[in-house]
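Colleague: Sequence:
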Amino acid sequence: MDDTQPFNIVLVEPEIPPNTGSIARLCGATNSVLHLVHPLGFSTDNKHLIRAGLDYWQFVKIHHWQSFDAFLQAQQELQLFFFTTKVTRKYTSAQFTPGGYLIFGKETQGLPEDVLQLYADRCYTLPMKNPNIRSLNLAMTAGIVLYEAFRQCATE
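Heads up, the sequence shown stops at 167 in the working numbering, and the numbers go up one at a time, no gaps.
Fair warning: there could be bad hints in the mix.
[Claimed, not checked] Derived lysine-lysine pairs resembling DSS-like cross-links, with alpha carbons at most 27 Å apart:
(1) 140 - 101
(2) 117 - 140
(3) 72 - 117
(4) 101 - 117
(5) 97 - 140
(6) 97 - 117
These are computed hints drawn from the structure, not numbers from a lab.
The task is simple: from the sequences and hints, build the whole structure.
Modeller: Here's what the structure looks like:
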């Protein structure tokens with residue numbers, strides 16, 4: 012794995028503080044960069060957010076973006092990977108590269124439909140074995156995807 016090119020986790024308008032806090036902790040543990048796209052559904056001093064990240068906040072690199080458009084314009088054509096429940100292409104078929112951006116939508120609505128259409132060839136899902144369950148928790152999904160990216164990029 013190339014540690015000089017950290018992965019990036021992008022949360023678009025996250026709504027649930029403990030999810031964002033857990034993902035921040037994940038980013039700190041893996042030297043990944045967390046990108047928070049506003050508006051957020053909570054204050055960054057929310058006690059549940061802080062508690063979920065424990066005392067690891069000092070180890071998390073965080074970038075704030077005023078909008079998803081601002082984020083996308085700044086990234087140009089970098090390695091962007093979008094995750095949604097609205098496609099059938101499995102996350103394991105993505106060809107991750109170090110420095111890639113793993114992009115997740117808000118917990119209640121996912122990513123905007125126009126983004127899914129524009130980047131249709133870069134959208135992936137985690138398949139659910141039980142058709143009665145729509146999706147996994149956002150923090151769990153981010154962890155699974157990030158470690159798959161690390162597995163694919165491992166050189167050891």
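Colleague: Does the structure keep residue 117 and residue 140 at a Cα separation of 27 Å or less?
Modeller: holds, 22 Å
Colleague: Next pair to validate is residue 97 with residue 140; report whether the Cα-Cα distance is within 27 Å.
Modeller: holds, 15 Å
Colleague: With the threshold set at 27 Å, check whether the alpha-carbon distance from residue 101 to residue 117 stays at or below it.
Modeller: holds, 20 Å
Colleague: Starting from residue 97, check that the Cα of residue 117 is at most 27 Å away, please.
Modeller: Given pair residue 97, residue 117 holds - Cα atoms ~14 Å apart, limit 27 Å.
Colleague: Within 27 Å, alpha carbon to alpha carbon, are residue 140 and residue 101?
Modeller: holds, 13 Å
Colleague: Within 27 Å, alpha carbon to alpha carbon, are residue 72 and residue 117?
Modeller: holds, 20 Å
Checked against the numbered hints above, the structure violates none of them.
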